[in-house]
Amino acid sequence: MCAANKKYDEKMLKDYKDMWLIRKFEDKIYQLYSEGVLPGTIHASTGQEAVAVGICKQLRKDDLMFTNHRGHGHTLMKGAEAKRMFAELLGKETGYCKGLGGSMHVADTENGVLGANGVVGSGMPLAVGAALSLVYNGRREDNDKVCVVFFGDGASGAGVFHECMNMASNWNLPLIFVCENNLYGMSTPIKEQGSIENIADRAAGYNMEGVTIDGNDLELVKETAARLIQKAREGGGPSLLECKTYRYNGHSRGDKPYGIYRTKEEVDYWKTEKDPILRYEKVLGLSDEEIKEIKKETDAIIDEAVKFAMESDALSPEDVLQYVFA
Amino acid sequence: MRTITYLQAVREAMEEEMERDEKVFVIGLDVGTGLTFGVTTGMIDKFGKERVIDTPIAELSVAGVATGAALNGLRPVMEVMLQDFITLCMEQITNQASKARLMTGGQLKAPVVFRAPGGWFGSFAAQHSQSLEAWFAHIPGLKVIAPSTPAEAKALLKAAIRDDNPVAFFEHKKLFGRTGEVSEYGEDYVIEIGKADIKREGTDVSIITYSNMIWEAMDAAEELAKEGISCEVLDLRTISPMDREAICETVKKTGKVVVAEEGVETGGVGAEVTAIIADEVYAYLDAPVKRVACPMIPIPFNPDLERFVVPNKDNIIDAVREVING
Ligand SMILES: Cc1ncc(C[n+]2csc(CCOP(=O)(O)OP(=O)(O)O)c2C)c(N)n1
Ligand SMILES: [Mg+2]
Chain A
101 MCAANKKYDE
111 KMLKDYKDMW
121 LIRKFEDKIY
131 QLYSEGVLPG
141 TIHASTGQEA
151 VAVGICKQLR
161 KDDLMFTNHR
171 GHGHTLMKGA
181 EAKRMFAELL
191 GKETGYCKGL
201 GGSMHVADTE
211 NGVLGANGVV
221 GSGMPLAVGA
231 ALSLVYNGRR
241 EDNDKVCVVF
251 FGDGASGAGV
261 FHECMNMASN
271 WNLPLIFVCE
281 NNLYGMSTPI
291 KEQGSIENIA
301 DRAAGYNMEG
311 VTIDGNDLEL
321 VKETAARLIQ
331 KAREGGGPSL
341 LECKTYRYNG
351 HSRGDKPYGI
361 YRTKEEVDYW
371 KTEKDPILRY
381 EKVLGLSDEE
391 IKEIKKETDA
401 IIDEAVKFAM
411 ESDALSPEDV
421 LQYVFA
Chain B
4 MRTITYLQAV
14 REAMEEEMER
24 DEKVFVIGLD
34 VGTGLTFGVT
44 TGMIDKFGKE
54 RVIDTPIAEL
64 SVAGVATGAA
74 LNGLRPVMEV
84 MLQDFITLCM
94 EQITNQASKA
104 RLMTGGQLKA
114 PVVFRAPGGW
124 FGSFAAQHSQ
134 SLEAWFAHIP
144 GLKVIAPSTP
154 AEAKALLKAA
164 IRDDNPVAFF
174 EHKKLFGRTG
184 EVSEYGEDYV
194 IEIGKADIKR
204 EGTDVSIITY
214 SNMIWEAMDA
224 AEELAKEGIS
234 CEVLDLRTIS
244 PMDREAICET
254 VKKTGKVVVA
264 EEGVETGGVG
274 AEVTAIIADE
284 VYAYLDAPVK
294 RVACPMIPIP
304 FNPDLERFVV
314 PNKDNIIDAV
324 REVING
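These protein sequences, in sequence, are chains A and B. 426 is the number that our numbering gives the last residue of the first sequence; the numbers go up by one with no jumps. 329 is the number that our numbering gives the last residue of the second sequence; the numbers go up by one with no jumps.
Chain B with its partners taken away, still in its complex shape (with noise of 0.2 Å):
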């Protein structure tokens, strides 16, 4: 085992594929020298500007041009530099990318993957801040990927890039500098698109949550541990397709329900899980699922006032409180 940052991580993802399959390429803005946060910085000497990719500042249409490439045979990963941008690409996503497949009768295939960092900085205010996940849920054609640890975010991303479909990636800007082990089996080490996982075993609780607020949840768990309730935490890790068994699993283990999003709450990816716990095993139930989200407000620049609504472990705790006691 060996330790590396989350932003490592994704990197060595992207080299390894690089190297096992001469059609993967990466594309987007400064990703020569990745000067947004050193995701792709170095890339260019080992893989040559044929490989990794500058454009314009474009990102529409440079969703389209990595589609494009994907439907002729390459396996492109764009870069978008921030979630918030990947608003500009939704068209490409949308409408070309995802249904590629089922417009043309099964005759194409769009292998593509589009990363984009997304989640609350530290005062970087409205429009760089987002948490978009839940819009991608709603898109059929596509699978969207949000791993909350360095592991995770590797073996995901190199299924993501091996996946012939269209893959939203979404790493969290917090992650990048969290470190953790990873395993060294090199190229093979990859993990099922679709497949949540248990992150802290427990018994009265269900939290339910996914990147970067795992590890507010995995705070809160412990704080509430000192206590006597035990949590267990749910990572969901692929947001799309959504891995109703394991939601359900935890659902009949705790019978309560505390489901944890950064995004906004309204039609949020903790909407979705507390419809198909609704929808499947409502008769486990124990007390009503409470959700924690951010509210319905853009993310104010000033940094009391953006802690205020971003939420966190203490929010996370608060609504475990709630469930229990009723």
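Just chain A, with the same shape it has in the complex (with noise of 0.2 Å):
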């Protein structure tokens, strides 16, 4: 194709591929696990890639993020290496967290990861906190950094997210919560968990701005994060931006993806119709054989990071007691 005739510039191109480095990172865990190399459990964000690809690229290395036990794509995002995932996903010591973290706590405060979080709603409390601390005592004069929390709709019924919400409308932070509306937490249907439609909504409650968007049209999630990110830089305040998206595996390596409470019909529509993947290309108009080029050229990535998690050594058992205090 002429460059002249392509529908995209480069960056686009590259929210492409990267979509593609989280889904080949996340089924490459799901192989490793089978294979009995990867030990604990997984959450895969599978389906759910052009949210970390759409609101992540939108920071600066030094805004502030923190994420949930679905992270890895954000994390990957934000900046982090694929090898120094795969290696904390191990348990080797050159992973970011020593090892000692795993898949639900990877943290790399390099790229203002302040880490996942195992406990579901509990990164929105720390990054009211961390969004505080940019606007403390006059700091603001010196940065204009914001934070983003992302979240699921199961954690929108707990406490945190309310108490949150008003918090950091009231202070009026530089903090935009990201819910992931994957349409169920663990097995329960968000219909059984709440009664409302939108979980955005929620916002106009706290006096903030909610916007609920479809969470798989990449340039939708990108144009929404940067204006919202935008507004915050500026002293807007935070948001709550809902992204309704769908992941494709079971709740965690545990579960089967169809079968107990979705129907293979459902997923297989989401998977067909409203891939994420599949309608950049289309956006994109890229032809079979860029994309089988670019599905081979994250092979080799994910190939080599892997390559590097397994030949690195784990944290000795001496080593570790000295990371419980400061």
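Derived from the structure by calculation, the hints contain no laboratory data. Just so we're clear, the structure is a prediction, and the values are computed from it rather than from any experiment. Cβ coordinates follow ideal geometry from the N, Cα and C atoms, glycine included. Just so you know, not all the hints are guaranteed correct.
Stated by the list, open to error - Okay, the calculated bits of chain B under chain A, using three or more residues with CB under 8 Å as the criterion: (1) 74–84; (2) 90–101.
Said to hold, decoys possible - Here are a few chain B residues that sit away from chain A, every Cβ distance over 12 Å (derived from the structure): (3) T107; (4) F127; (5) H131; (6) W138; (7) G258; (8) Y287; (9) D317; (10) D321.
Bring the two chains, given one by one in their own frames, into a single complex with the hints.
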């Protein structure tokens, strides 16, 4: 294809590749788990890639981010390297947290990732505190950083969600609450967790802007996130961005994608009609050849990252005690 | 030397640290007015609303806000109105603040202090009178302090604020009015966390206790001295990490031990002290260790019944006689 005919620029192409990076990262984790190499549990974000790419890449390196148990994609897109992510998930010393945190606790402070979380909802208060530290005692004159916190639809039922929106709004903090509404909290559909259609409607009760969007439409996610981030940067206060999306795997590696609480038809519908990668391929107008090439490139990146992780050593038992206290 | 109350000591510690370090701030319910006990009264006039931060009544989230601010470099002191209400903060203290260091492989630290007055106060009833220190001693990554004198309250709170780790700092409501001499060395007057202190030297029996129970023990020792029984009173001061060495030293000296606390007996601080003795200096014991603690009952409202369940000097005297007479 001649360059002049392209419907996209290099940034868009990179976004597309990044969605593949997340998908293949998550697929590889499932594979490593099934091979008995990867310990612990896994919450994959397969199917939700447009949210991570669309939001995290609008952030600067010095912006702050908190994520939840389904946060591999967010952390990768905030700047973390796949190889050190894999090393963490495999419990190696070369991992971001020396192998002491694992999948649910990856932090990468150099890139502003102040942590993932194994407790549903608990990243929100931490994010309010981090956002408070950005404006504390006149500090806003020297920085225009923002903070983003990711959580699921299930977390919107937690008291902290409401307490935190209340405080963030009252203190006009530079904080964006991002609710990844994948329609289920474990096996419970959102309809059984609350009486409203759109979680972002909750924002109104706290005098905050709330926006609900199709979280699988990458351009829409990017555009909305960019606007809300800019607003927070300029002192416009916090907002709640709800991205409707869908996870393809089971809740964790312990359950099947469908059968108990979701039907195969429902999962197939999202995979064929709503998939963020397929949709973006069309936006970009990529050829089959180009797609094949990109997938191959991504496989190579993942394989090299896994190799690094596999070849790394674990922290020794004598050394672990030094991480209890600072 | 100058004489001040325990309450003033706590306030002075915070004020001096806030003057020394701009990153230190106070956050909590009604801290602006200090309406609860008056600990923070007047601080807002010196430091302003930016550093004496009133919050909504949302203890769990506020504990997270303080922790999140600490993760991003500030040094918050959260005032929890009463120790009973710190139960609402347990998630953030236990799972977030105390684990941040290890989970992130040393990337993050959480220098946050949770101040919470505990203990009985005179018919404040079951939900306003508890001593829950033992809960917190069970959390790795958290330091737990409960001082008994104004000078130690000041010096240990300053140490807590300067410590790079989360610290639970428990005052006793009945101690707020107690007066004592404090050093006027100013900002350098700190006591190392984790060190017990002999409040009264003795040779026959060791009474090991802390916080307000120290004064019951001192009165008991005074009375017993009249009968020719010489009691050593050891003030733990720090509940975690516990000063095992000081405990073992006093046991080696007297061979007889009474461990006293205001909290309930089962799984209590005294249980831990007793276990340390059994582990390390069992051979030095001349009699079984006797525990004095609250029975397993919520504190009743009726003043006579309250006095009946909360341990006091008489219970300590009885226990000492028991270990002496066998
Ligand atoms: C406080 C708490 N309760 C329960 C769990 C177990 N749990 C882990 S994830 C999850 C569902 C969360 O749903 P949601 O917030 O929608 O996120 P999703 O998994 O769908 O991404 C539950 C119940 C937990 N980790 N923390
Ligand atoms: Mg969900």
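Tested hints:
1. 74–84: holds (count 5)
2. 90–101: holds (count 4)
3. T107: 4 Å, violated
4. F127: The claim stands: F127 of chain B keeps its Cβ more than 12 Å from every Cβ of chain A (closest is about 26 Å).
5. H131: Label holds. Min Cβ-Cβ 22 Å, cutoff 12 Å.
6. W138: Holds: least Cβ distance 18 Å, greater than 12 Å.
7. G258: Check passes; 33 Å lies beyond 12 Å.
8. Y287: 29 Å, holds
9. D317: For D317 of chain B, whose nearest Cβ neighbour in chain A is about 40 Å away, the distance exceeds 12 Å, so it holds.
10. D321: 39 Å, holds
Taken one by one, the earlier hints fail for this structure only at number 3.
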